[in-house]
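Sequence lines, in order, name chains F and B. Residue numbers for the first sequence follow numbering that gives the first Met the number 0, beginning at 0 and rising by one. Residue numbers for the second sequence follow numbering that gives the first Met the number 0, beginning at 0 and rising by one.
If you are wondering where the hints come from, they were derived from the structure by calculation, not from laboratory data. No experiment lies behind these values; they were computed from the predicted model shown. Each residue gets a CB set at the ideal place from its N, CA and C atoms; glycine is no exception. Misleading hints may appear alongside valid ones.
[Said to hold, decoys possible] Pair ranges (Cβ atoms, derived):
no. : chain 1 : residue 1 : chain 2 : residue 2 : range
1   : B       : 55        : F       : 143       : 36 to 44 Å
2   : B       : 55        : F       : 161       : 22 to 30 Å
3   : B       : 59        : F       : 114       : 40 to 48 Å
4   : B       : 45        : F       : 33        : 27 to 35 Å
5   : F       : 100       : B       : 151       : 41 to 49 Å
6   : B       : 96        : F       : 73        : 47 to 55 Å
7   : B       : 119       : F       : 186       : 26 to 34 Å
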Amino acid sequence: MNIRFNPAKVGRVSSLLTVILVLLVATSAFGQDAANGTATATVQTALAVTATNQLIFPTVFQGVATTMGKTNNDSTAEFTITGQGSAGINLILSLPEYLALADGSDRMTISFSATDANVDSTVTTPATFAGSNGWIDQNPRNLPAAAVIGSAGQTNVYLGGKVTPSTYQTAGTYTGDIILSVAYNGT
Amino acid sequence: MIIRRSLAKFSLLLLVIFLASSKLTYSQPFTDTAVVSLVNNLVFGNVLPGIPVTISKRSTFAAEFLIQGTAGSDVFISFTLPKYMTTTGNYMRTIFKTTDCAMDSSATPDQAAPTLDDVSPWRTTTYTIGSNSELTVWLGGTVVPDLVQQAGGYTADIVIFVEPVDAPGGP
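Starting from the given sequences, assemble the full structure and let the hints guide the process.
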């Protein structure tokens, strides 16, 4: 038997069958459905803490206690905290009990009173800070629980202290670490 | 001649497929359908670095989906859930617990007291579409930002799949 194919007709029939096939496949999947939702979150600015100024005591003499206040722009310890404006933060200062010579051969007592810290949420300076700028005369071992990052995205902590050299204190340069830890508290 | 033979074979193949498909379709008929649509996205809002945030399935910020289908028919419900939310070049961990999903097929869906509670979104769940031809699904979740998580807007896709239980090839 001699069958003749017209390519054009075969093409049209093939196209038609393909369409039918697609429709059948689509029909067999009918009844199922999916929907896309989205989870969204906006992450706020991360915290960063910088020791802007060191706590520097002037020349200290044996047997003479020396205090550095928290209002000295040059010698008060100053920490700068940046983060999300108005977010609540927890502040913890780790304070040394002694300063030591580099070789560890002698130590000198350092102490901090219950009013040796100011927390400044308006970013002034240690010398110009006032109570309206944040939290004044705070205990550095118990900084205010209500502390926040200032609305400008920054809060400063100012810290003074006192060293008490002994009568026989070895001459030299004494140092100790003061560490400020900051974390968001979710408020 | 070779082209003609090829076309003939192709047409024959299509015809066979057509007949097979027809048989498949007519030998396994089904009547139920289900359509799912998004009502609300899952919105965590502002997130502080280091502070995980959980959105309860009871919250107005929980994801909400509406399934519509044949009243009284059962449907398979499953999710494809993200492990991370992303912004450009950054990732943030997401957690979906095995109790983070809830469903309600009553005429007046109650997010506070759903008819099917503490459902795992990680497993396929079979549930019945309500008498009003609807089924509401809620999904909560948690994000866990790092202490130094990069600031910015993070997103992730949540996909819900719905399939009538009597559909061909169902789970």
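Against the structure, the hints:
1. Taking the beta carbon of each, residue 55 (chain B) and residue 143 (chain F) are about 31 Å apart, not inside 36 to 44 Å as hinted.
2. Between residue 55 (chain B) and residue 161 (chain F) the beta carbons are some 51 Å apart, a value that contradicts the proposed interval 22 to 30 Å.
3. Separated by about 46 Å at the C-beta atoms, residue 59 (chain B) and residue 114 (chain F) satisfy the suggested range of 40 to 48 Å.
4. A C-beta distance of roughly 30 Å is found between residue 45 (chain B) and residue 33 (chain F), which places it inside the suggested range of 27 to 35 Å.
5. As the Cβ distance of residue 100 (chain F) to residue 151 (chain B) is approximately 47 Å, the hint placing it in 41 to 49 Å holds.
6. Separation of residue 96 (chain B) from residue 73 (chain F) is about 54 Å and conforms to the stated range, judged on CB atoms against 47 to 55 Å.
7. The hint said 26 to 34 Å for the Cβ distance between residue 119 (chain B) and residue 186 (chain F), and at roughly 32 Å that hint holds.
The structure is inconsistent with the numbered hints 1 and 2, although it conforms to all the rest.
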